[in-house]
Each structure stands twice: as C-alpha cells, then as structure tokens.
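Line order of the protein sequences matches chains A and B. Okay, so the first sequence: first residue is 1 according to full-length UniProt numbering, each after it adds one. Okay, so the second sequence: first residue is 1 according to full-length UniProt numbering, each after it adds one.
Please note that a few of the clues may not be correct.
Unchecked claim - If we take Cβ atoms under 8 Å as the criterion, some of the chain A residues that face chain B in the derived model are:
no.	residue
1	S69
2	L72
3	V73
4	K88
5	R90
6	V94
7	V99
8	R104
9	V305
Unchecked claim - Heads up, simulated DSS-like pairs for lysine-lysine below, C-alpha to C-alpha not over 27 Å straight-line:
no.	chain 1	residue 1	chain 2	residue 2
10	A	K132	B	K13
11	A	K121	B	K88
12	B	K109	A	K95
13	A	K95	A	K198
14	A	K95	B	K88
15	A	K95	B	K6
16	B	K6	A	K132
17	A	K121	B	K109
18	B	K88	A	K230
19	A	K12	A	K230
20	B	K13	A	K121
21	B	K109	A	K12
Stated by the list, open to error - Facing chain B, from chain A, some residues (calculated, C-beta under 7 Å):
no.	residue
22	N96
23	D115
24	D122
If you're looking for bench data, these hints aren't it; they were derived computationally from the structure. Where a beta carbon is used, it is the ideal one built from N, C-alpha and C, also for glycine.
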Amino acid sequence: MIKVEGITKSFKVAKRSTGLLQATKALFYREHTIVEALKDITFSIEPGEIVGYIGPNGAGKSTTIKIMSGILVPDGGKCSIMGFTPWKNRVEYVKNIGVVFGQRSQLWWDVPVIDSFELLKDIYYVPQQEYKSTLDLLIETLDLQDIINSPVRQLSLGQRMRCEIAASLIHNPQILFLDEPTIGLDAVSKIAVRQFIKAINQEKGVTVVLTTHDMNDIEALANRVILIGKGSLLYDGKLEELRKRFGTHKTITADYRKNSNSIDIPGTSIIHWSPEHAVLSIDTEQILTSDVITQLSKKVDLLDVTIESQPIEDIIVQLYKEFQI
Amino acid sequence: MTLYFKYLLILFKSQMQYRTSFWLLSIGQFFIPFSVFAGLYFLFERFGQIKGWEFFEVALCFAVIHLAFSLSECFARGFDTFSSLIIKGDFDRVLVRPRSTFLQVLGSKFEFTRIGRLLQSSIVLIWALTNLPIEWSLVKAVTLFFMIASGVLIFTGIYMLAATMCFWTVQGLEVANIFTDGGREMAQYPLNIYQKWVARIFTYVIPFGTVNYLPLMFILGKTQGDEILYMLTPLAGSLFIIPCFLVWQIGVRHYRSTGS
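Excised from the complex, chain A in its bound form (with noise of 0.2 Å):
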C-alpha cells in the first residue's frame, strides 16, 4: 500500500541572529544552514493497517506526512502509494487520500458544516448517491446530527475536529493520514475520535497513518509504530515489542498485616515503605516478578498486591534519552 524507500529531505533555515546590528545585517544579507529533516527513512504499510508514527517536536512527523500527502518534494529517495508517486501526478494521487491537519481546518469557517460538506463533494467528483450513503454513515458514527447545520464558529474543538474527520472521509478515501487529531481535545472526544478511527478501520479498511504526542492514542489505535528522531527511523515494530525491549521496568503496590522488618530484595529498589504498605520498583531483567512476590510472600503476610507496567510515556522518554533526541 504504502512503500518509501530512503526518503531524504533537507531544508535551507536562515540563520537567527541577535542584536541591532546583526537584525540589520540580516536584511541585506542572510547565512543560512542545512537542517536535514529527514535521513534515508525507508518503511512499509500494509493495506489496512493503523500505524502510529511518533517522535518528538522537530523529529520530522510532520514533514514524512507531507511528502507521503504529495505537499513536498523530498530530495531523494523513492516513495509509493498505491501505485502513485505522491509528488507526480498530485491531482490524480490525492483523490484517494484523506489528510487532516489537527491544527488547522478545512471547514469554511462562517457557513455550517454541511455546506462545507457539499463543497468537498463537489471538489472531489464525488457523485450524489455515493455521498448520501457516506454522509449517512458519517452522521451516524460520528454523531453529527446537532451540530451539522451550525457554522463552524460556534462549535467546540471537539465537535469541529469530529466534523474535520468526517470532512476528510467525505470521498472515502483508502488511505488516512491524521496529524495529531486529537490535539486539545478533552477525555470525551478524544475517546470518541478513537473510537470512530477505529471503527473506520475495521469497517471499511481504511489504512490509517496517526501522528500524535498522546501515547493513549496509540495505545488504543494502533499494533505498529513508528518511531523517529532527529530525522532518522528509530523503531520500526510492535508496541509490545517496544515495550518488551525497553519497559523493563515494573512497580509492585503490596499491602500486608503490620510488619516492620525489611523487605530488601535483591534486583528491587523501594520506592515508599511504610509498616503497612510498599512500593517497590523491579527490573525485570534482573528478576522476575513472580520471584519478587515468592519472597516478598515469605518476608510479610500479603493482603494486596497490584502490579502495573511502566506508563508507555515513560519508555518513549526513555527512548528519546537512548537515542539522545
């Protein structure tokens, strides 16, 4: 569905300077420096695949999901979407492609949504029937129905970002690419937007490429990320596997009957003791959690014991720290 192969892209930033003298220098004459923004990325999508690409501010999401939307032209490299090259044949290329930018809209700001709608129908060739049904479906899923007929100015940031999915579906596009969709929005629509890509995914076979600081998002969307910096492709794989390779760390939560001995395990750290109750942090390379719950059992009469994963947030920090992005 989805093949680039050694993606580069570079781009020429002109220098910042300070001071009056320097901001007047500047105006005549400018230095400018080389910031390579993508280095040989090189990754393949499967049809119907929900694929989170992550990585910090500046890693260069943003500019992937612009050469993969046929907005740029990388210096190099070789890229394929369902048989087109994005930055060729642009017309031809996007009407099977649905983009949605979290930060900006795509919905005329004054009249009501629907309007826009019917424009995009008309943008996109869309004939009549075929944009009942799926204006139908969208309402449906999406729950549209109150707010279709207000303008785009009087909705709430989550209302308007439900309306920008639909808006980007209009043309049931095979292929999806979210720039942070879920941007700003509260608990509520953030689970709803999920929801709904989710939905979309499964129901129509939509392949789904998401950006997105919010590691609940992938956690709840997506079997495969993507993980840059800097870049260069860091992580290409499973979640679990991320998760595997670098979560290796665990928090036991006990509580037991009064007991003012020691709980030191070898391979452990405490976190919070107290006569009652313990946090202890394990590293499950050294040990495993069963073992840490063998002897701890042996030490203390266990009333509760919870045993929580590290947060995924944690492990990209850590991986950023790995990589020193």
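Dock chain B against chain A, hints included.
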C-alpha cells in the same frame, strides 16, 4: 467552472453573516473612486480638455479601468491576499485537493464589498457613454466588452505575480501595489498625455494601454490607419496572463521543494 461558482456561493453565504460590515464597506468602496472621479471632473472644469481629450472621453477611459479593477479585486482577491494563505499554512490544504491550485486559490476569497466600487464605475460608464457622440456598431460594443474583460485579466495577472513572490518571501509585497493601484491611477487617463517612456511601459510591459487607450481611440473614431489593429489590442493585452500563469507554476514547484 461550476466549482468556481460553488466557491463563490459559499463565500457569499459567509459574507452575509456579517451584513453590517458588508454594507459599510461597500458604501466606503463606492466613495473612494468617487472622490478620485470628482477630482477628474474639477480638473476638466478648470482646463476644458487635456491634449485633445474631452471630459467624457476621459471619463470613459476612467470607467473602463475602474470597472476592470473592481471586478478583478472582487473575483481574484484570493491571489491578492495570498500571503495569508501561505502564513496560515492553508496552502498545504490546497495541495491535497484534486483540483488545480489556480482554481482553488481563486476560489479561496471573494471581495463582495467591491460591489460599491463596481456600481460607481458603472454609473460613470453609462454617464460617459450617453454623453459621447459615438456611432455604435456591434464591433465597437464587443471591443468595449473585451476592454473590460482583458483589464480584469491583466490585474489578475499582476496579483498572481505578487502572490508568486510570497513563495519566496512569505509576506505579501506592497511592491505589487505600484502596478495595481499605480497602474490604475495612470491608466485612468489616456496614455498619450504622459511621457513617451511611461506610455511604452504601460503598453508593452504591463499592457494597460492595450485595454483602454488604444481601443478607446477606435471606439471614439480617433484612429489613423488600421482600425482592426486597434480593435484587437485588448486581446493582445489579455495574453499578459499567460506568462503570469507560468511564473505561478514555477512558484508552486518551488514551494513544494522547499516547504517554506
């Protein structure tokens, strides 16, 4: 083309959300060229004629160029305000839709308030025409139509050139106003009242002369020699938009390779 009208419709609906501001702006737009025209009127009141041009003849010249200007500002405003599209990043959106960038940018904005200016110019046009002893023929009427239409194309071409610059500079360039506003101010008088070099620039570089001065001579029966040549000049002027269109395409390509 139908899509263009759909863009027009949706933007008209948007505009109608702000009725008061629409009416105030339209009235304002009526009076801006009105004051310019008043100046013209008093000029002729004092001097009678300029280089053999009577008041109503110049008024016709004025009306043609102002009509073209207001129409182009109304319908090609998307290029005039293109820098905002670049700054807000909305041009990316244009690129992911399966239509030409030209049509989409054109459809991104209409300035309906120019209706005021349009009305004022139309009144001047009618007033001038009813007071001029022109022997009308179909050819002359068609020529008049082409004068206005080509004028619109030339102004649109200049907007496009200015918009293309935004791909490199991001910000809009006031420089273009020299040619639009400046060109309009110059071309509202017959070109032969100026120095030769000024007349030449506005004939061969930015061909405003071809849409009013030259064909106007034909309509007013002032030509010496080949009438058909004068009659066809508006069509020649309208060719101006072709290089503008090509430059625009180069700009789009530049944007897509730099992404700035």
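Hints, verified against the model:
1. A least Cβ separation of about 5 Å between A:S69 and chain B falls short of the 8 Å threshold, and the interface hint therefore holds.
2. Given the 8 Å rule on beta carbons, the hint for A:L72 holds: about 5 Å separates it from the nearest Cβ of chain B.
3. Interface hint status for A:V73: upheld, as the beta-carbon distance to the closest one in chain B is roughly 5 Å, under 8 Å.
4. At a threshold of 8 Å, the smallest CB-CB gap from A:K88 to chain B is about 11 Å, leaving the interface hint violated.
5. Taken as an interface hint, A:R90 checks out: its beta carbon lies about 7 Å from the nearest beta carbon of chain B, inside 8 Å.
6. At a threshold of 8 Å, the smallest CB-CB gap from A:V94 to chain B is about 5 Å, leaving the interface hint in force.
7. The closest approach between the C-beta of A:V99 and any C-beta of chain B is roughly 5 Å, which is under the 8 Å cut-off, so the hint is satisfied.
8. The interface hint given for A:R104 is met, as the beta carbon of that residue sits about 6 Å from the closest beta carbon of chain B, less than 8 Å.
9. Here the hint on A:V305 is broken, as its CB sits about 51 Å from the closest CB of chain B, past 8 Å.
10. A threshold of 27 Å between alpha carbons decides the hint, and for A:K132 with B:K13 the separation of about 23 Å falls inside it, so the pair holds.
11. For the hint linking A:K121 to B:K88, the alpha-carbon distance of about 24 Å falls within 27 Å, and the restraint holds.
12. For the suggested pair B:K109 and A:K95, the alpha carbons sit about 23 Å apart, so the restraint of at most 27 Å is met.
13. Under the criterion of a C-alpha separation no larger than 27 Å, the hint pairing A:K95 with A:K198 is consistent with the structure, at around 22 Å.
14. A distance of roughly 23 Å separates the Cα atoms of A:K95 and B:K88; the hinted pair therefore holds under the 27 Å criterion.
15. Only pairs whose Cα atoms come within 27 Å are accepted, and A:K95 paired with B:K6 is accepted, the gap being roughly 19 Å.
16. Distance hint between B:K6 and A:K132 is fulfilled; the C-alpha atoms sit about 18 Å from each other, no more than 27 Å.
17. Annotation: proposed proximity of A:K121 to B:K109 holds, straight-line Cα distance about 19 Å (limit 27 Å).
18. Note on B:K88 and A:K230: the hinted pairing holds, with a Cα-Cα distance of about 25 Å set against a maximum of 27 Å.
19. Between the alpha carbons of A:K12 and A:K230 the distance comes to roughly 16 Å, so the proposed pair stays at or under 27 Å and holds.
20. Taken as a hint, the B:K13 and A:K121 pair is honoured in the structure, with Cα atoms around 18 Å apart against an allowance of 27 Å.
21. The straight-line distance between the Cα atoms of B:K109 and A:K12 is roughly 31 Å, outside the 27 Å bound, and the hint therefore fails.
22. Proximity of A:N96 to chain B is violated relative to the hint, the smallest CB-CB distance being about 9 Å (cut-off 7 Å).
23. Because the smallest distance between the Cβ of A:D115 and any Cβ of chain B comes to about 6 Å, under 7 Å, the interface hint for this residue holds.
24. The interface hint given for A:D122 holds, since its Cβ lies 5 Å from the closest Cβ of chain B, which is under the 7 Å cut-off.
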